[in-house]
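S.K.: Sequence:
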Amino acid sequence: MDLSNITQVKLEIYTPAEYIGALRDSLTALGACKIGSYDHVISWQETKGCWRPLEDSNPFQGEKGSVCTGEEVKLEVRCPVGLVSEAQKVIREIHPYEEPVINIIPLINDWFE
1 MDLSNITQVK LEIYTPAEYI GALRDSLTAL GACKIGSYDH VISWQETKGC
51 WRPLEDSNPF QGEKGSVCTG EEVKLEVRCP VGLVSEAQKV IREIHPYEEP
101 VINIIPLIND WFE
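Just so we're aligned, residue 1 is where the sequence shown starts under my numbering, counting upward by one.
FYI, nobody ran anything at the bench for these hints, they're computed from the structure. Among these hints, one or two may not hold up.
[As the list claims (entries may be wrong)] Only pairs whose alpha carbons sit at most 20 Å apart, straight line, appear in this in silico PhoX-like list of lysine-lysine:
# : residue 1 : residue 2
1 : Lys48     : Lys74
2 : Lys74     : Lys89
3 : Lys64     : Lys34
4 : Lys10     : Lys89
5 : Lys10     : Lys74
6 : Lys74     : Lys34
7 : Lys64     : Lys10
Working from the sequences, and respecting the hints, build out all of it.
M.R.: Right, dumping it as structure tokens:
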């Protein structure tokens with residue numbers, strides 16, 4: 001599959017719910033979170049996750065060496081391919097986790113238009 005003509009990706013970002021607004025506004029200001037004539041386009045689902053902070057970590061939540069569980073949200077936003085690197089920087093500046101989970105998924109919607 002040739003991905004060289006992909007123009008948009010979906011960013012999945014796992015974060016505490018209280019960071020939704022800051023991430024939405026900052027990503028929109030960058031040029032993400034836009035579909036057609038609409039901006040601030042974002043969706044989220046409540047989810048639960050687990051993790052174990054290792055000795056060299058600096059956890060936002062939980063204790064080193066112990067498996068932790070917590071509630072968070074999975075944000076989904078569209079982002080132009082050319083903005084992905086900058087979007088990751090913006091997310092890392094705002095996000096409270098030492099290692100935020102950011103999934104970058106190519107969108108092929110244009111292939112069917």
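S.K.: Does each hint fit the structure? Answer for all of them.
M.R.: Checked hints:
no. : hint          : in the structure
1   : Lys48 x Lys74 : 9 Å, holds
2   : Lys74 x Lys89 : 18 Å, holds
3   : Lys64 x Lys34 : 39 Å, violated
4   : Lys10 x Lys89 : 16 Å, holds
5   : Lys10 x Lys74 : 12 Å, holds
6   : Lys74 x Lys34 : 18 Å, holds
7   : Lys64 x Lys10 : 32 Å, violated
When held up to the earlier numbered hints, the structure conflicts with 3, 7 and fits the remainder.
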